[in-house]
Amino acid sequence: MTQNNGISWSVKKRIQITGLNLFYICICFLGLVPILYVLLLSVSGGGGALMTGLSIFPEKFTLDNYRRIIVEEPFLRWLANSIVLSVGTMIIAMGTSVLSSYAFSRFRFTGKTAFMQILLLLNAFPQILSMFAIFRLFRLMNLLDSHGGLIFVYAGSMCIFSIWNMKGYFDSIPIEIEEAARIDGAGNVQLIAKIVLPLARPAIIVTAVMVLIFVWNEYLFATTFMLKEESYTLAGGLYQLQANDYSRSWPLFSAAAILVSVPILVIFFCFQKYMVSGLTAGGVKG
Amino acid sequence: MKNPRKKFTPWLYNLPAFLLIGVVVLFPILYTGYISFTNMNLYHWQDYTFIGADNYVRALGKMNSDFFAAFWTTVGWTIANMTLDVGIAYILAAGLNAEGLRARRIYKTLIIFPWAMPAYVSILAWRVGMYNTEFGLLNKILVAAGFEKMNFLSKNGPAFLSCMVLNLWMSLPYMIVMFDGALQSIDRSMYESAVLDGAGTWQKNLYITLPSLRKVMAPVVIMTTFTTFKQFDIVYLLTMQKGSVSGSTMQTIITYAHQNAFVSNNYGLSSAVSIVIFVIIIVFSAWTNRAAKET
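Heads up: the sequence lines are chains C and Y, in that order. Heads up, the final residue of the first sequence is numbered 416 in the numbering used here, and it's a clean run with no missing numbers. Heads up, the final residue of the second sequence is numbered 338 in the numbering used here, and it's a clean run with no missing numbers.
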């Protein structure tokens, strides 16, 4: 009798799991459809056949769109700009915010809570609203069209996010480890370089990746503050492409979109395993 | 505090960050406040004068219809998105953690994709690939199923829903991953002892899962609420981008301020609108703060 019960239970369980699997396959498919569609568009010949017809699949497969983007547009130039801007921003934002978030986590000082609240408030302020003020200031200081100026704007706003994100993680590292190192004679610099940074690695990596992704994807400041086409980033360039020339040639735009997304996808999935533990302020150990 | 140097160490560590934030974030906000008291515009670029609170009178005077419409749209947008975001993400994450689901790693990797895509690429891909009347997949499906073509972005109601679907598509992966991590961080032994004490599924959810989730999820949810509240790209790129205005007049307060600043070229007035919005955000964040503490 127990045997019989066991079997029917396991059958019921198996049906449940199959249902769940089907459900998640549908969810994944729905989630991927827009991306797959762009991918399909990007390898279809520029013609209108695909566009107007009911068929979803391209009639012929071609990589011509990719070739045209790389050869006919200043794509490599934009790629170089994107790399300069995102790496530059990352260095400045991380350099300042690691120290600051460590101080917020480990020291007691006057106005600490108030400062954290002010930072949160500044983060809530949409930078678009002060864009005009920044634009005017940059114009007065001749910083328009310079990568340095834009790096500082990006770094400033990402610095706040980074401080908040890493402070929580530092909080979750037991202070005893540092005390032990101090007793063994480690100085401030040694302590941070040898003990704190390695321990906080997941949070630091994820925060750095987030800064990188933010800069890679930013188009509004990148197109407003960069006046010449050759100083655009990939995001800015792609944004201009779709706004001007290619508003009718979607296969070409799709190819550019895929090219811009691939580096980010690669970086993202390389660090995927750190994502949860690095973003939940150490509340979760992934 | 034996060492007097120790008192300055935290400030030394904070100095670079505070300098940076002070110069590029705080100062422009203060400068926006300064501009809001002048008559700066395209014709008074250098020789602007102070006109006191005139811009605020005008800004608040303008607020009777357009601004309030934008304001309530933003509130509705935030509430609707956050409710669905949190609800759907919780259900999907809980399902992923069901016992015996072997392929969960594959599902997780696939689900994450929209999060990893650059936001503006996703938005433009949706505008053309999904919503467009000629090429959009949704309209192809509608036509194939024998329905009329539909312009998803030309009227306010459908545009709001279209923006919301896209926003959920973009924000759900992050929320699911966070919920998934939070669920896995719960100590299994708590459930075992609860079962021994005779707790059912509901009780386990109510007394173990929810309280454990709250600690990890509260900061995530608060941060996402702010991002949703100040969402600009989706509404702007889908419905009001130069050259492809879709016809819907839906505005959030951020797009409203942006339009005022860069379309009207009246910088004094638009700065006043920005400052008013900042005050609203301060009130809003004070309110979320209190709500977060109470939970």
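Certain hints may be false.
These stretches of chain C come out as covered by chain Y in the derived footprint (C-beta under 8 Å, 3 or more residues) [said to hold, decoys possible]:
{"id": "1", "region": "205–216"}
{"id": "2", "region": "223–237"}
{"id": "3", "region": "283–291"}
{"id": "4", "region": "303–309"}
{"id": "5", "region": "329–341"}
Simulated from the structure, these hints should not be mistaken for lab results. Computed from a predicted structure; not experimentally measured. Ideal placement from N, C-alpha and C gives every residue a C-beta, glycine not left out.
To see whether the hints hold, each was checked on the structure:
1. Here's how the region 205–216 of chain C fares: 0 of its residues keep a CB closer than 8 Å to some CB of chain Y, so the rule of at least three is not met and the hint is violated.
2. Note: the region 223–237 of chain C has 9 residues with beta-carbon separation from chain Y under 8 Å; the three-residue rule is met and the coverage holds.
3. Look at the region 283–291 of chain C against chain Y: 6 of its residues bring a Cβ nearer than 8 Å to a Cβ of that chain, three or more, so the hint holds.
4. Proximity of the region 303–309 of chain C to chain Y, defined as three or more residues with a beta carbon under 8 Å from a beta carbon of that chain, is not established by the 0 residues found.
5. Note: the region 329–341 of chain C has 0 residues with beta-carbon separation from chain Y under 8 Å; the three-residue rule is not met and the coverage is violated.
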